[in-house]
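In order, the protein sequence lines correspond to chains Z and Y. Residue 83 in the working numbering sits at position 81 of the first sequence, and the numbers go up by one each step. Residue 176 in the working numbering sits at position 183 of the second sequence, and the numbers go up by one each step.
These are calculated hints, taken from the structure and not from any lab test. This structure is a prediction, so every number in the text was calculated from the model and none was measured. Warning: the hint list may mix true and false statements.
Ranges of calculated distance between the beta carbons of each label pair, as one might list FRET restraints [claimed, not checked]:
#1 F291(Z) - E130(Y): 33 to 41 Å
#2 F24(Y) - R208(Z): 22 to 30 Å
#3 Q192(Y) - V125(Z): 52 to 60 Å
#4 F291(Z) - S146(Y): 33 to 41 Å
#5 L217(Z) - G80(Y): 48 to 56 Å
Take a look, some chain Z residues computed to stay more than 10 Å from chain Y by CB distance [said to hold, decoys possible]:
#6 Y37
#7 V39
#8 I48
#9 I121
#10 T196
#11 I219
Positions of the beta carbon are idealized from the N, C-alpha and C atoms, including for glycine.
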Amino acid sequence: MAAGAATPAADRERGGRIRSALLTFLLVLPAGAWYLVLLIAPLAIITIFSFGVRAKNGGYAPAFVLDNYAAILGDLQKAAPFTASLSMAIGGTIGSLLIGLPLAYFIATRAGRRKGLFILLLVIPFWTSFLIRTYSWLIVLGPGSLGGFIGDLVGDDNFRILGTPVAVLIGLVYGYLPLMVFPLYVTLERMDRTLVEASKDLGAGRWATFRQVTLPIALPGLITGSILVFIPMMGEYVIPQILGYGRIYLVGNALVTDFLEARNWPAGSAKAVILIFVMLITVTFYTWFVNRGRKGREVSVL
Amino acid sequence: MTIAAPSPSPEAPLGGRAAHDVEIVDVTKRFGSVVAVDRMNLRIANGAFYSFLGPSGCGKTTTLRMIAGFEQPTSGEIMLAGQPVAGIPPYRRNVNTVFQHYALFPHMDVIQNVGYGLRQRNVGRTEELERAGRALELVRLTGYEHRRTWELSGGQQQRVALARALVNQPTVLLLDEPLGALDLKLRKEMQLELKALQQEVGITFVYVTHDQEEALTMSDVIIVMNEGRILQEGSPTELYERPVDTFVANFIGVSNPIKGKVTAFDAATHRAEIESAGGLRIAGVVTDRAARPAAGTEVTVAVRPERLRVDAAGTPEPEGSGWVSVPGRIEQGTYLGEQTEYRIATDVVGELIVRRQNAAGAAQHVGPGDAVVVRWQEEANLVLVD
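Here chain Z stands alone, though its shape is the one from the complex (with noise of 0.2 Å):
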């Protein structure tokens, strides 16, 4: 047995392997405790304060109750919140998939040399405070400018944009955009432009090809794009309550009741677990839809 020799050389190699694992932890600690600290420790915090019961002066009283949960599932009132933010989040996210498909695809392949100043234009908006941008649309929708333009049209003096789904809807997609057109743009850039000539060759038209080979190659980026604008959007509150005046009540507006103003805290916490849970379910859902009979490479998400 050459366990307890303790040569020098041996023992060298030893300490090494002891530092290299030193350094390995050392280096993961900060990404290990940023994740423990506001990831699972706030997860596990709102986990147990969804079973609690609301304290005399608002706020949080252990306790072990269902209630928060069956008030919500069992109040169509209640749920409203989860249906509105769901169908704000799909509208937004196939508006970005129509704004953002054709941009990235015209970005990667017509583009050319002007790629960069594209991408540029992309990245620059986010140089300013998404407030401010969002507040700017106050003005482009607003009774002075396109609200009352297309009142003027429709000849309607009560037409407004401001305070409708519409509003919110079209401030969703300006928002998120971005992040719908640069994992796009990513795989067609990356894409095989000869697939394309190949298709073609073997008689399938624009569309055809579009459909039959653009697209699915597409579907990662396609994926991952819907996925980063449709996570935000479920959970958003500033656009809803600027361009939406407060009207269009989502679950970050319930959220915001529920925590701040009403200061059930309990209740709050279900509300977040359950939207968790909404999104995991929809985004579970949506993966395996996208990825149902494709016989190369599967698409992940998680």
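Starting from the known structure of chain Z, arrange chain Y on it as the hints suggest.
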């Protein structure tokens, strides 16, 4: 009960087959100020193996892409099976291409790739699978139907690309340097396989390559191109034995150039007598049948290395007439396995490259520094007028 009249098969050629699968009439293609193809005229006969051979940028790939429909000629006309195809997009041409890097669809398995063209024509699921299966059998890939394309080796991917194109029974199959990405041994195998495949299916193949050996191995007809023009069109033997100019002579095989001036030309036999710069008097056939070089014209006499023989100095001239002898000294001998290549310095015609077969019993009786006589028969002289 009514009996339906037999409807003509949708794949039956209209009014029989034209004599030429492809006709290129006075075609020029410009990219900005660059002339990629310059007034090309060419007819590609049915069922033959054609190769476009030339250095990169000579216009061979552009020509192929114009036949496929990916590029439109700037002027001139291309006819496929006797019909002009100007403005007809690639997906309406009965031509298929095997791309340089195969361009297999990564999101489809092997059989889906092969059936792609058939699906575009809505042939029906049963027929698609049946024909795709037969195409895979043709390229010896039966059993690979449901493999992922990226799991296949380069040679197998190549075969899938071939099957995917051939399954559509194109008028012409275009191949754009399809063997370039394979290693040498596999490339040699695939060359023979492609040739055999072409003879089996009887479809016209138009092959683009910069590799002269590849072109010589496979082609019925080679078209040598340079700078957008066709320099010579002919069988491998014709091109090697009678190259029309120095470009062709150097592009196909190796040759020893001897510069000189014409002293006499006989139009009846097409032979010229030449005096080289070093004072050597030789005669030979002018390869370009159209040329009528006047006395004093500068020409190059090319001699293939394997037509030269090396004898030790003082060896008497062999039997027969028409021998040219040039004294020299061996600079270098390189053993190449089946043959030995000598570099021989001569006073009269400069350096000569000689290749000699290492046949049984042919011991190396000469080495570097030895004085030798290089000899060849006059019929080996190719007189090139540029």
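Taking the hints in turn, this is what the structure says about them:
{"no.": "1", "hint": "F291(Z) - E130(Y): 33 to 41 Å", "verdict": "holds, 36 Å"}
{"no.": "2", "hint": "F24(Y) - R208(Z): 22 to 30 Å", "verdict": "holds, 23 Å"}
{"no.": "3", "hint": "Q192(Y) - V125(Z): 52 to 60 Å", "verdict": "holds, 58 Å"}
{"no.": "4", "hint": "F291(Z) - S146(Y): 33 to 41 Å", "verdict": "holds, 34 Å"}
{"no.": "5", "hint": "L217(Z) - G80(Y): 48 to 56 Å", "verdict": "violated, 27 Å"}
{"no.": "6", "hint": "Y37", "verdict": "holds, 34 Å"}
{"no.": "7", "hint": "V39", "verdict": "holds, 41 Å"}
{"no.": "8", "hint": "I48", "verdict": "holds, 40 Å"}
{"no.": "9", "hint": "I121", "verdict": "holds, 25 Å"}
{"no.": "10", "hint": "T196", "verdict": "violated, 4 Å"}
{"no.": "11", "hint": "I219", "verdict": "violated, 6 Å"}
Figure legend: structure checked against the earlier numbered hints; hints not met, in rising order: 5, 10, 11.
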